[in-house]
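If you read the protein sequences in the order shown, they are chains A and B.
Numbered according to this note's numbering, the first sequence spans residues 1 to 324.
Numbered according to this note's numbering, the second sequence spans residues 1 to 283.
What the hints contain is simulated information worked out from the structure, not anything from laboratory work.
Where a beta carbon is used, it is the ideal one built from N, C-alpha and C, also for glycine.
Treat the hints loosely; a few may be bogus.
If you anchor each label on the Cβ, the simulated ranges turn out as follows [stated by the list, open to error]:
1) Gly302/A with Glu129/B: 24 to 34 Å
2) Phe117/A with Thr63/B: 47 to 57 Å
3) Ala276/A with Glu129/B: 32 to 42 Å
4) Leu284/A with Glu143/B: 31 to 41 Å
5) Gly146/B with Val35/A: 48 to 58 Å
6) Ile38/A with Gly146/B: 26 to 36 Å
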Amino acid sequence: MSPSEAPAEAPSAAPDRPGLIDAVPVRHVGRWVAVVVIAVLVAMFAHLLLTNAAFRWTDVTFPAMVQAPVIEGLIRGTIVVTIGSMLLGVALGVVIAIMRLSPNKVLSYTSWVYTWFFRAIPRYVLLFIIGNLAVVLPRIDIGIPFDFIATDLLGLSSSFRLLGFDTQQIGTSIAGGILGLGLSEAAYMAEIARAGILSVDRGQDEAAQALGMSRGKAMRRIVLPQAMRVIVPPTGNEAIAMVKDTSLLIALPLGTELFFQLRAIGSRTFAVFPVAVAATLWYLVLGSVFMAVQYFLEQRFGRGFGATKAPGVQPVVAVGQGGR
Amino acid sequence: MSETAQAPPMPLVHAVNVTKSFHGTEVLKGIDMDVDRGQVVCLLGPSGSGKTTFLRCINQLETIDGGRIWVDGVLMGYDDRAGRLHRLGDKAIAAQRRDIGMCFQRFNLFPHMTATENVLEAPVQVRGENKAQARKDALELLEQVGLADRCHAYPAQLSGGQQQRVAIARALAMKPKLMLFDEPTSALDPELVGEVLAVMRELADDGMTMIVVTHEMSFAREVADRVVFMDGGVVIEQGPPAVVISDPQHPRTKAFLQRMRHEEAEGHAGSAVEVPADDELTP
Ligand SMILES: Nc1ncnc2c1ncn2[C@@H]1O[C@H](COP(=O)(O)OP(=O)(O)O)[C@@H](O)[C@H]1O
Ligand SMILES: [Mg+2]
């Protein structure tokens, strides 16, 4: 306990009235035992890391971490796919959550089926399917649906297609990875977003509408920003989980990815364990970065809820009053 | 139906035979109400009599089952095409609401925005006003409700009375023709009631048309042009406050007012604080 800075007019100043408390604190013997045990374990672990020859920090682990294919895999396969699939997942997830809350039964049921389907499919299997989608759909064209009926009827030879993709090529690329992981993520994000939207008081939406906002604007300006406070922490979890799930891209198959590249080095050099450590270190770095991003987002969306101090508020009030 | 007196100037609010049910229970059983421009009407009545529901029907937060509501000559919620009503879409209803301000019992300020941001949100987002101008207007409105010094505070950092005053400023920012108040002081600590009523009183003096659901009898008596007593989804009695409050005719009105007086006599601190505020504003 630090010495109190109670103001002079505190009641303790009076004679023959009990003054400040200066008591002997409780001794937490159990805690100290635990601290000693932990200290010993940490020392043993550090000793292992530094002295065990199998680690090979300087000749395999560190050099492997910065090799060109590893860095390329880290940036394209791991970071870009994580960010891309999370963006897709969040955007689509919010749409699915809003559909789920719609009074229209078709919309809400469609949303339920989506969530049911994509939550049930393992990501590894989903990526495998996307990589092999060319079996059923060799090409994907964007244009007018069922245009072949119209062209047949009118006897035209041209088609109403604007953009075409080779499914095989797309399916096994970074885009295929973002698509697969993003679609899967949307199912989880939908539930998270729905919880967030439901956490906002109905009066907020009503106040917004009473001011003349349309439903969409009330959702975007008033409800979603408040829902974010509830949505961000579990989304941070999802993003960190997604970093790890990019190691599943090999199911596409796509090898431009951190773990696959490191494992390749491992099998080439017969130093399997040191490259696993290299992967661990990179994943720790990425996890830390995403946690920092989450922290800033929480600050941003916690505005007005006591998470940040607003200008023009005197924090004096809490300290000065009732000084005991 | 549609030719209901369009020619002579309609009152600002013209409600005819409004009915509304929730899950088969009729909550409004044919309410008629006219409010002229500049009038202050206080809605009185026991809890559950349908006062809130009626207010919410006026700005379409509830859809009505029967009857019609016109605000400033505009039929609310529907397009009357040669006698056949067509339900308006979300955007059109939103547009109709712009001219109607509403204050809620629980304030419903946007907690993620400062007082100023709360006030300038609708002018900027709904009316597309220039942000700098809207900010200036917002500060003016906050000053009008006595909160210029708290403009950077978030709602959680304001007292209930301050929050409700920001809510009033927020509604006024849309320059409404009509203000609806649903028990604006019921969620407040008694000593904070006076500051909100003082702002509303000023607003009434400035000629704002207001419908106020309230249990503050002295406010109704002194500010209202007319009080309407509702019970069980019907209007039981209405007239000038001097008549209805001092000399009610209907037994249900009498019983209700007696109960209110009883509560006030039992040291309902609200009225005690109101007095100095009243003196300030009506010398
Ligand atoms: N959304 C709703 N769903 C079902 N019943 C409602 C709803 N809103 C109000 N009611 C019912 O309608 C009646 C009138 O409510 P209300 O208008 O809030 O009365 P007051 O404001 O006069 O206290 C009450 O019996 C209430 O339970
Ligand atoms: Mg009510």
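Hints the structure fails to honour: Structure breaks hints 2, 3, 4, 6.
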